[in-house]
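Fit chains B and C to the given chain A structure using the hints.
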Amino acid sequence: MKNSTASTIKRAGIGLAAATAMMAWSLAAHAEDTYKIGWASDKSNYLSFVDEPLAKGMEVAIDEINAKGGIGGKMKIELDRRDMKSDPMLGATVVQELIAAGAKFIVTTCDTDVSLPGAQMAAKASLPVMSSCGADAAGPSQVPDGYGFLNVPGSLTQGAFLAEYAAAQGYKKAFTLKSKSEGYTHTLANAFEERFKELGGEIVGQAFYTLGDSSYRVTATKMVDSDADVIMSNAFPSDSTAFLKDMERLGNTKPLLLVDGNDTPVIFDAGKQLALSVMATYGGDRSPGSTFSKFEEEYRAKFGADPDSLQTALGYDLVIAVAAAVEAAGSTDGPAVRDALHNLDNVHGATGLITYKDSPIGKGIPKKDYALVKFDLDNKKFITLSTGFPEKFPPVK
Amino acid sequence: MSMLSGKWWKQSLVGSALLLAILLAIVAIVALAGSTTDMRILMVFLINVIAAISLQTYAGNSGNISFGHVGFMALGAYGSALFTADPAIKAIGIPDAPAFIREAQISFLPAMLIGTVIAVAVAAAIGRVFVRLSGAAAAVATLGFMVIVYTLLSNAEQLTRGSKAFSGIPEYTTLGWCVALLALTIVVARLLRDSNTGLGLRACADDPIAGQAAGVDILNSRYVMWVASAAGAAIAGALYAHYIGAILPKAFHFELTFVLVTMVIVGGRSITGAVAGAALITILTEVLRRLENGFSIGSINLSEAPGLTTAVLALMIVATLTIRPQGLVSRWEIEELLQRWQLRQKPQASARTEENHA
Amino acid sequence: MQLAFQQFINALSLGSIYALVALGVAILFSILRLANFAHGELMTTAGFTLYMTLASGWNWVLAVIAAIAASVVAALILERVAYRRLRNAQPLTLLMTSFAVSVALQSIFLLTFGARPKGIELPAFVDASFRIGGMRVQWLDIAIILITAAIVFGLTLFLRKTVIGLALRSAADDFQTTRLMGVKANALFVGAFVLSGMLAGIAALFYFATVPNVVPSSGFEPMLKGFIACVIGGLGSLPAAIVGGFLLAFLEVGSDALLSDNFSPYLDAIVFLIAIVILRWRPGGIFGVRLTAEQRV
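Chains as they are written, first to last, in the working numbering: chain A, 1 to 397; chain B, 1 to 358; chain C, 1 to 297.
Looking at chain A on its own, in the form it has when it is part of the complex:
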C-alpha cells in the first residue's frame, strides 16, 4: 500500500512542523509598539458578504489613526484578519491562534451565536471581544466577566424602532416574515411584534422561511391576500431580494418594512417593491462636515469608489471605539480596555455618536441612532428620512 497510515503520519509531522515554524514567524513579525486587533472573520462562507465591506471600513479608520501616529499618537493599530468560515469550532480555534499571535482585542464575525465559542475563549484570556455587526442583544451577556461587546444597538431596539415607526404611520395590522435559522432573523421580528402590539397594533400573520430559500410565492400569496396594512420582513439578501421579487409578481401594494441587513447595494436587485419599502439602518448625522462625510471622503480616497454599504461605516465605528477605549485606558491591558470601553461616552463614529456608558439596552451594547431610509431606485441610493432611537424596547432575554 503506497498510502499507508505510516506515511500519513509522516505527512502529519511535516505539516505540524511547517505550521509551527509559521506561527513562530508571525509572532516575530509582531512589533511591540502596535496594538493588534485580531479578527476571526468569515471570508468565505455566508457571512462574508457583510464582513467584507466591514473590513474596508476598518482599514479606513486604521489608516486615519495610524497617519496621526497611532492611538494617542504613538501606538499603531494592526489588523490580523483570519478566516473562520462561520464555523463555531474553527472560530474558537482561530481566536486562540490570534491570541497566540499577540492580538489584544478580538473581533468576531457578524453573528453572536456562531462566534460565541470564540468570544468565550477571548474572555478566558481576559481580552475584550466584539462582534463585527452581530445584533443579538443577548450576545454580550453570554460572554463571561463583561468582556463581550456588540458594535450595533441590537435587534431588540431595531425591532422596536420599526414598530414605533409603523404605529406612527397609523398601521394597525402587520404581517411578519422571519426565520428560525438564526437569532437575528427572528428576534428582530419578535421585538417588532411585541412593541407593535404594545402600541395597539395587531399581528395578523407570521410566515417563516429557511435561510437560503428561493421561493416565497406561497408566503407572498398569503400576504397579498391578507388584510394586513403593513408587511415587516426580517430577511436579508439574497433571501430578501427573492422575497421582494415574489411580492412584486403577486402585485403587492402594501408598504414594507425592512431591516439593516439589507443595507447593501445588492438590495436594488429586488426592483420595484423597494418603492413601497422603508428600511431601518444605522447612521445619524450625514450632513457635510459630519464624521460620516469625513469617513466617506477618506473611503473614496482609499478605494476610489463610494462605500457600497453602511456596513463599511460600522467597520470604521468599531476601530474608532476600540482606539478611544485604549487611549482612555492608557493601557493595552485587556481588563483596562474592557472597562474603558464600557465607559465610552459620545465618541464620534461614522454612524453618529457611540455610547457604551450606562447603556439602556444592556451591558456592552452601544447606543447609536437608527436611521430610516427609503430607496432611490434610479440612482441606487439610500435616502435618509429620519434618525432616532426607540422610546421603549423589549428587555434582553
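In case anyone wonders, no lab produced these hints; they're calculated from the structure.
These numbers come from a predicted model, not from an experiment.
Incorrect hints may have been included.
To be verified - Among the chain C residues that face chain A by a calculated CB cut under 10 Å, a handful are: (1) Asn10; (2) Ser13; (3) Ile17; (4) Ile120; (5) Ser129; (6) Thr156; (7) Val214.
Built from N, CA and C at the ideal position, the CB exists for glycine as well.
Coordinates of chains B and C only, in the frame set by chain A:
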C-alpha cells in the same frame, strides 16, 4: 481468512491496539512539540475520528452512506449539555424548560450516557426505515433525518434556545476523555466489523445475492450497525459540546456532515480508513489554512483569495478519489495492510507466510 | 377559491422547475449510476453567465443561449476531468466525487465573483402579468409550464426516435449489452452529460428568472430539491423524476398553504418527513423502480 477462525476477536484487538498506538504517537508528538492551537486542532481531530469511525461502522459495513449521523451527534451534544450546563445560565437562557433539566447539573459520564441513550432510542425507533434504503435514496433520506433534527432543535426555543447558542456548558472534554473514548470506539467498531454480523454484511455489500444465499440477514445486520453507530456519533457529539462550551444547531448541519462523510469516503471502507481519511482531511485543511494565514504578511496575499483553500482541498479530494476510487486504504485494516506490506517487501518469503495463514 | 387557484399555479410553476432539475439528475443516474451533486453548480454556471452577459449589455436571447451553452460546456468538462476516470467506480465514490466537485466549483465561483449576491437584470417582460377575475397570473409562469411540457415532449421524442436517444435508453436499461451492440461508451456518456447540462441550463433560466440574484451557493437548494424529487419519484426513471418534481412542489406549497402558522417553521422537516414516509412505504420510490444489483450498493 483468519477472521473466520474461532478467535476472530484476537485479530480485532491486535488491529485496535496498532491503530491506537499510531494515534497515541500523534498525540504524543503534538503534546510535546505543538502549540496550544495545535493541541486544539488535535482535540477536534480526535473528536472527528470518533465520529468518523462511528459513521464508518454503518457505512463501511453496509456499503450505504449516511448523511444523518450528524443528527445523532446533535442529539448527543444537546442531550448531555442540557444536564451539565450551569443552572444559573440555564435559568436565564431557558427559563421555561422543565425543572429537571433547568436545575440539573450532573457530571460528564452520566450526562454523556443520557445523550447517547437519546440518540440510540431515536436510532432504534427510526432505523428500520433507513436500513431498507440504499444508494441515493439512503443519502437523501438520511440527509432528511439530519434536516429534521436541525429543524426541531432550531425551533425548540424553550428547551435549547432554538437557533441561538446554548452556552454555559462546562468544558469537561479533556485529552484523557478523548483518548479513552477513542480507544473504546475503535475496539467496539473493530469487534462489530469482524463479528459474523459485520462480516456477513460486508459480504452482502460486495455481492448481495451470494451473501443472502449464505444466510445473511441484511436488514437486521444493518440495523445493529445503525444503532451502534448512532451511539458512537452521540458520544462524539457530547465530547464536541463539552469541548467548545457553547453549541447551536447550525454547528450540526450540512458542513459538518460533509466533512465527516468526506473523511470516511476518502479513507476507504475500513476503520483504519476512517482514521486515515480523518487524518488526511485534517492535515490538508490545516496546512492550507495556515498557508492562507501565513502568506497574509508576505507579498503573495493568499488571504485575499478566500475560497482558494477550499477549492484546493476539494480538488485534492477529487484527485484522491479519481486516483484511488476505493479510498486511501481500500477495505483493509491496519494489520492487514502491514501483512500485505511485509509480503511485498519479501516476495521470496511470501509462500511461507501464506502457508502459516492457511 | 381564488387563493387556492393562485397557490395551484404557484405549485405548478415551482413543480416545473423541480421537474427539470430532477430530469437532469435522473438522466445521469439512469445511465451512469452517477448521483451528480454538482448538478446545482451547472445551474450556478448558467446563472453567473446570465449575470455577466446581461450586465455587459448582451441581448437577452444571446444571453439565454450563452447561459445554456455554458452549463453544457461545464457538464462536458466535468465528464472529461472528473467522471470519465471513475466509470467503473462504486456509486458511493461517484456520489462523493460529485460532491467534492460541487464544493470545488462553489469555491471557484467565490474566488471569481465574490460572496456578494450578483443581480441578474432580466428584461422587464419577465415580470409581466395579466388578470383573470381578481387573480394575477404571470406570463413567466405560463411560459415555465409550457416550455417544461415542450421539453418533456421533445425529450421523449428524442429518446424514442433518434439513434442516440435509443442508445441512451438502452444504456440506461443495460449498459454492458448496449456496449456489446457496438455503441461507443464515450459517446453515450458525452450524450448524457450534454442532455443533463442542457436541462440544468434551462432550469437555471427559470430559476434565476424568479430569484433576482446569483451567489456561489445558488445551485445547492434547487439541486437538493431535484434529488428529493428523483428519490421520491423513483431514481433511475425519467417519468418518475418528472412526477417526483411536481409531487414535491405540491407537497411544499400544499403544506405551506394549508398548515397553520404554527407549523410554518417546521416546513422543511415536514417535507422531508413525508419523503421519508414515502420511502418507508416504497424504498425504490413511488414508481418502485426495480433495483439492480449495482443500484443496491
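#### Entry: chain A contact restraint on Thr156(C) - CB to CB distance below 10 Å
Because about 27 Å separates Thr156(C) from the closest Cβ in chain A, which is outside the 10 Å limit, the hint is violated.
### Query
Does Ser129(C) pass the interface hint, meaning its C-beta sits closer than 10 Å to a C-beta of chain A?
Interface hint status for Ser129(C): holds (7 Å vs cutoff 10 Å).
### Val214(C) as chain A interface residue, shortest Cβ-Cβ below 10 Å
holds, 8 Å
### Query
Taking 10 Å as the limit, does the beta-carbon of Asn10(C) come near enough to a beta-carbon in chain A?
Holds, about 4 Å.
### Status of the Ile120(C) interface restraint (C-beta, 10 Å, chain A)
holds, 8 Å
### Query
Does the CB of Ile17(C) sit less than 10 Å away from some CB of chain A?
holds, 9 Å
### Task
Using Cβ atoms only, decide whether Ser13(C) comes closer than 10 Å to chain A, and label the hint accordingly.
holds, 8 Å
Against the hints set out earlier in the document, a violation occurs for number 6 only.
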